[in-house]
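Novice: Sequence:
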Amino acid sequence: MAKIFSNISSTSLAKTKKSGVLYKIFFYLIDRVVGLNSLNQFYLESELAGLEKQTFSIQLLKKLGVSIVGEKAILENIPEVGGCILVCNHPYGMVEGVVLAKLVNSKRKDTKIMANVGLKIFKEIEDFFIFADPLKPKSPINISAIKKSFKHVKNGGVLVIFPAGRVSFYQKDKKAIVDAEWNRIAIQIGQKVDAPILPIFISGCNSSLFHWLGRIYYRFRLLMLAREMLKLKGKNINLKTNGIINSKLLDVFETPQQKNDFVRAQCYLNDERYIKPWPDCVANNNYKKIIESINPTILEKEIEQLPCDQTLLSFKSFTVYFAYYEQIPNCVKEIARLREVTFRQLNEGSGEASDTDEFDKTYTHLFIYDHKNSEIIGAYRMGQTDRLLQSSLSSKSGLKMPNLENPDLKKLYLSQMFDFDHGFVNLTEPCLEMGRSFIIEAHQNSFHGLLLLWKGIGAFVSLHPQYRILYGTVSLSKTYTTQSVALINEVLVKNKAQDQTSKKNKKMVLPRHQFEFPLSPELIHYFASNSLNLEQLSAFITSVEPDGKDIPVLLKQYYKLNAEFHCMAIDKNFSDTPGLLLSVHLPSAPDKLLKLYLGKKKQEYLDFSGK
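Mapping to the numbering used here: the sequence shown position 428 is 412, numbers consecutive.
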């Protein structure tokens, strides 16, 4: 039987046409060094010649001792019928083609794989492949391959593509072994025939020698593929996906290149080296029993005694108030109880009998009371910095100002999470430190809960127009994956386009306990090169989250108010929950939202600052 490499050798890649004895000896030695002879011997000894294509794929992997991990999830995401495109990274350069052929063909017999013509080695499985030549973009074979691929998907077949067209290699700018730039062929075909795309990440990489030689001369990578395949004996090939990407999800990106980059990023999001679970903080069985609810009669009595000017607004049976601990100690106790109940549902909370601390006695409480059901349904805790950091100095307007010479930052809750420099906004002018917001479960899906809180804030700042800036954290619940939180941090904090003032503010506040779940170098490079809006970030979050949930509603709310995002920190007093520090300059918020929250008082509030 003829050797399988009778027409494939290192000589086929040499530019010289010489054929002397010395050259033949040289290329014979090269073939031995790069492993072509060894692979041919393996092929013969494994008795693979002449097998049916699916049987060949199964036996080849079996003889290599290669196991596929993650098969079930991949197969579950491949449609039973209809055109579909699978896009994968190319870490090994050879074996992954056989792996995908064997796996996908087990569910869909109409499977084709678009692959490098340089991998046209095993005749038995040629029928699986549509060959292209990425090293020669103008080659006629590429035009034919594109036409065949398009027709195959249009006719309802499954197409597997390695968009890089060549094996992954070390890239200096990313300091990682990743794919070359992806061809847009998958996006182009998918958009034309409206076929869903399934990104699949294949873990692993070739040997150090492979990458070292590849840096000397890029064609050595192709020559080394046979030897690298044999090195995989007894190893696992891990496959992972976040699921199908449909055209609706891609539509939030404008250009084909943006769509292509998004799909590539989706692939690399499945790199399990960067997918870490949240560490255990307080085990659920160690949570203390939550205190009994306060008698509604006691709550109503305290609320009835509040001065009229502390009633902010009413809607149907709901009224929004603000008050201080001395005025409503039992209401504050009930608010702390409800906070703990609500936060535990999100894997947050203190684990104590109620979510309370010393700041409940010094901060202002804005809350919604439902008179019909005699219950508090939501609240915000606000720190009036000019009251908390009060100085004997006064501004020209006669307002009390923060003590800038020796502020007692311990009076600010967020000083436990962040190290504030004297130039940060909360130490330069009166601000409201916002936090501990919640809406009880029964009202979380209604429009009025969050809206009433924000209208209450609008009414409060109308009464106290010195507060131009709100700052605080949005807690990112541990019901989100660490990866989602890392994505939010990367987009909103690290790579969001910022002006000079913003950059200056970032240097004026640092986290005391950092969020330590980094993204992969590939993704860091992607986000540094792409400025995403909230809708595009949302596309990432919904695809990463197992239940498909979106960005937190409160975070969206702050984003719409043109919030500036400063940094992420871990709240050690709140089940190690990550908190995203932000600030909002209310006079600069969109006019539409100011009208909604401040109503008729909007212009009066704006005039206070001379806007």
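Honestly, the hints are just simulated from the structure, not real lab data.
Hints may be right or wrong, so weigh each one.
[To be verified] Derived EDC-like pairs: lysine to aspartate or glutamate, alpha-carbon spacing no greater than 16 Å straight-line: (1) Lys585 to Asp575; (2) Lys93 to Asp117; (3) Lys586 to Asp575; (4) Lys285 to Glu359; (5) Lys135 to Asp94; (6) Lys132 to Asp157; (7) Lys394 to Glu359.
Novice: Hints first: check each against the structure and report whether it holds.
Specialist: Evaluated hints:
Taken as a hint, the Lys585 and Asp575 pair is honoured in the structure, with Cα atoms around 13 Å apart against an allowance of 16 Å. The suggested pairing of Lys93 with Asp117 is violated, with an alpha-carbon distance near 25 Å, which exceeds 16 Å. Between Lys586 and Asp575 the alpha-carbon distance is near 9 Å, which keeps this suggested pair within the 16 Å criterion. Between Lys285 and Glu359 the alpha-carbon distance is near 13 Å, which keeps this suggested pair within the 16 Å criterion.
Taken as a hint, the Lys135 and Asp94 pair is honoured in the structure, with Cα atoms around 12 Å apart against an allowance of 16 Å. Annotation: proposed proximity of Lys132 to Asp157 is violated, straight-line Cα distance about 35 Å (limit 16 Å). Proposed proximity of Lys394 and Glu359 is contradicted: the alpha carbons are some 32 Å apart, above 16 Å.
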